[in-house]
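Novice: So you can see what is in the structure, the chains are spelled out below.
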Amino acid sequence: MDNEVYSFALKNTLDEIRNLCPDITNTFMFAEDGEIIAREENTPEKTTVRVVDALDSILEKAEAIGGIEGITLEGYNGRVNVSHMNGFYLVLVTSKKADANYVNTITRVLIPTVLKLLEKIHPTSLNGNLPSPKTESENSRVKEFEETVKKLVKETEVEKTKETIQPQIKLEPSLSEPPVNQLIVENLGGLLVPSDTVRIDNEILSQWEETYEGKKIGEVEIGTFDGKTARCKVKPIKGSKYEGKGIIQMPEKMQLDLEIRKGELVRVKPIIE
Amino acid sequence: MVVKKKKSIQEIAAVTEPVAVEPTSDGNLRAGLEDIKTYEGVIGYILRNSTSAAIDLKDPTKIIDYAILSSSALDAGEELSELFNLGEVKEIIVEGKDVKVLSFAVGENKVSIFMDKDADRERILKKLHSI
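Quick mapping for you: the protein sequence lines, in order, are chains A and B.
Heads up: the first sequence runs through residues 9 to 281, numbered per my numbering.
Heads up: the second sequence runs through residues 24 to 154, numbered per my numbering.
Keep in mind that the hints are not guaranteed to be accurate.
What the hints assert, rightly or not - Only pairs whose alpha carbons sit at most 16 angstroms apart, straight line, appear in this in silico EDC-like list of lysine to aspartate or glutamate:
id, chain 1, residue 1, chain 2, residue 2
1, A, K241, A, E227
2, B, K60, B, D82
3, A, K243, A, E211
4, A, K54, B, E102
5, B, K85, A, D209
6, A, K54, B, E105
7, B, K140, B, E57
8, B, K85, A, E68
9, A, K243, A, E227
10, B, K140, A, E227
11, A, K54, A, E68
12, A, K243, A, E194
13, A, K249, A, D204
14, A, K253, A, E211
15, B, K120, B, E102
16, B, K120, A, E194
17, A, K224, A, D209
18, B, K120, A, E68
19, A, K104, B, D82
Said to hold, decoys possible - Listed below are several chain A residues computed to face chain B (Cβ distance under 7 angstroms; list not exhaustive):
id, residue
20, S65
21, N85
22, G235
23, R239
Claimed, not checked - Ranges of calculated distance between the beta carbons of each label pair, as one might list FRET restraints:
id, chain 1, residue 1, chain 2, residue 2, range
24, A, D107, B, G50, 37 to 43 angstroms
25, B, R146, A, E251, 34 to 40 angstroms
26, A, G75, B, Y62, 21 to 27 angstroms
27, A, D107, B, T61, 34 to 40 angstroms
28, B, D139, A, G252, 27 to 33 angstroms
Just so you know, the hints here were simulated from the structure itself, not pulled from any lab data.
Every residue, glycine too, gets a C-beta built ideally from N, C-alpha and C.
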């Protein structure tokens, strides 16, 4: 997969973010060496180059303050945010009426996840090394990636809608679309641990059961950001050490099957039959 | 569920009012900055206008780097504001891993306040508003 594909994938992500937050007027990403990696269609290339030039002398002196984490410019008509994430700089320009928290939530979830995905798909290209020829399996992974991004955007949007609406009305559960939780993988070991069972917060299980009017949740579907899925049994986490931390305890064999490991994010949804 | 990240600059900007200090006499501004310099976590400040500059930093070895950073931030602020039609610049914050810099203009004067990352920015802003 070559860098063009990455740029295309990131451009799509920026376009989706902009669709989600119309108050974002311009957005683009550039690498630490100043190369423009991706820009959404509303931002001319000339503008991106001028922005990078304007920020160049700040970035050059960044070492004096321990390296740049972010830059915020507050104007009377809007704001510019520059965030340093995974070795890239994301530039976001928003109008003065933009909901800064909403914009931040979306970008802080989506961009690092997308970058992580891209790194997983083909780490060398993201690091700027020579591109390798595209293979059929890579093409299919790109397609999977694009679908994942769209899904992520949709999920983030749904979360935001829930946040906004919850104080006023109780959401009616949608029985056709099961709720999805993103959880961090934690090892599940021991002599008597079944290899087909994961453990998650009892609170999440209760929420799901409440959503499905008391139906017992005995199985879940686990999805990785690489598109791999597995169906397995589920039980509540034992002991308080891992409770309320948003984790999913998973036997090592299952982690191997899903090609994931401790610390990575997975999507988990209940299976209702 | 998303792993909680460190508090970022965007969050700070979202919950605090930007500086927007009204033009004031140089003496008042300087006195205010001297006061701010005594606050916990404040490393120092740079105040400059077209004819003079005052630099008061706890670590003199950083003066050149900080002076360039201050000037670059203010210049970049103007450039970006012009590019994206953001109007007059209220403030520009550069957040590093160790230090953050709050820069803004008050009339002819350009100010940068350097502080530790965890310094109480709210308190500094309150003081600036009262100048």
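Novice: Could you run down the list of hints and mark each one as holding or not?
Specialist: Tested hints:
1. A/K241 / A/E227: holds (4 angstroms)
2. B/K60 / B/D82: holds (13 angstroms)
3. A/K243 / A/E211: holds (11 angstroms)
4. A/K54 / B/E102: holds (14 angstroms)
5. B/K85 / A/D209: violated (50 angstroms)
6. A/K54 / B/E105: holds (14 angstroms)
7. B/K140 / B/E57: violated (19 angstroms)
8. B/K85 / A/E68: holds (14 angstroms)
9. A/K243 / A/E227: Holds - the C-alpha atoms of A/E227 and A/K243 are around 8 angstroms apart, at most 16 angstroms.
10. B/K140 / A/E227: violated (45 angstroms)
11. A/K54 / A/E68: Outside the cut-off at roughly 21 angstroms; violated.
12. A/K243 / A/E194: holds (14 angstroms)
13. A/K249 / A/D204: violated (22 angstroms)
14. A/K253 / A/E211: The given pair, whose Cα atoms are some 11 angstroms apart, holds under the 16 angstroms limit.
15. B/K120 / B/E102: violated (24 angstroms)
16. B/K120 / A/E194: violated (29 angstroms)
17. A/K224 / A/D209: holds (15 angstroms)
18. B/K120 / A/E68: Answer holds: B/K120 to A/E68 is near 15 angstroms, not above 16 angstroms.
19. A/K104 / B/D82: Between A/K104 and B/D82 the Cα gap is close to 37 angstroms, so the pair fails against 16 angstroms, i.e. violated.
20. S65: holds (4 angstroms)
21. N85: holds (4 angstroms)
22. G235: violated (20 angstroms)
23. R239: violated (20 angstroms)
24. A/D107 / B/G50: 37 to 43 angstroms: About 40 angstroms separates the Cβ atoms of A/D107 and B/G50, which means 37 to 43 angstroms holds.
25. B/R146 / A/E251: 34 to 40 angstroms: Once the Cβ atoms are compared, 37 angstroms apart, the range 34 to 40 angstroms for A/E251 and B/R146 holds.
26. A/G75 / B/Y62: 21 to 27 angstroms: Since the Cβ atoms of A/G75 and B/Y62 sit about 24 angstroms apart, the hinted range of 21 to 27 angstroms holds.
27. A/D107 / B/T61: 34 to 40 angstroms: With Cβ atoms ~36 angstroms apart, the hint holds.
28. B/D139 / A/G252: 27 to 33 angstroms: Given about 31 angstroms between the Cβ atoms, the range holds.
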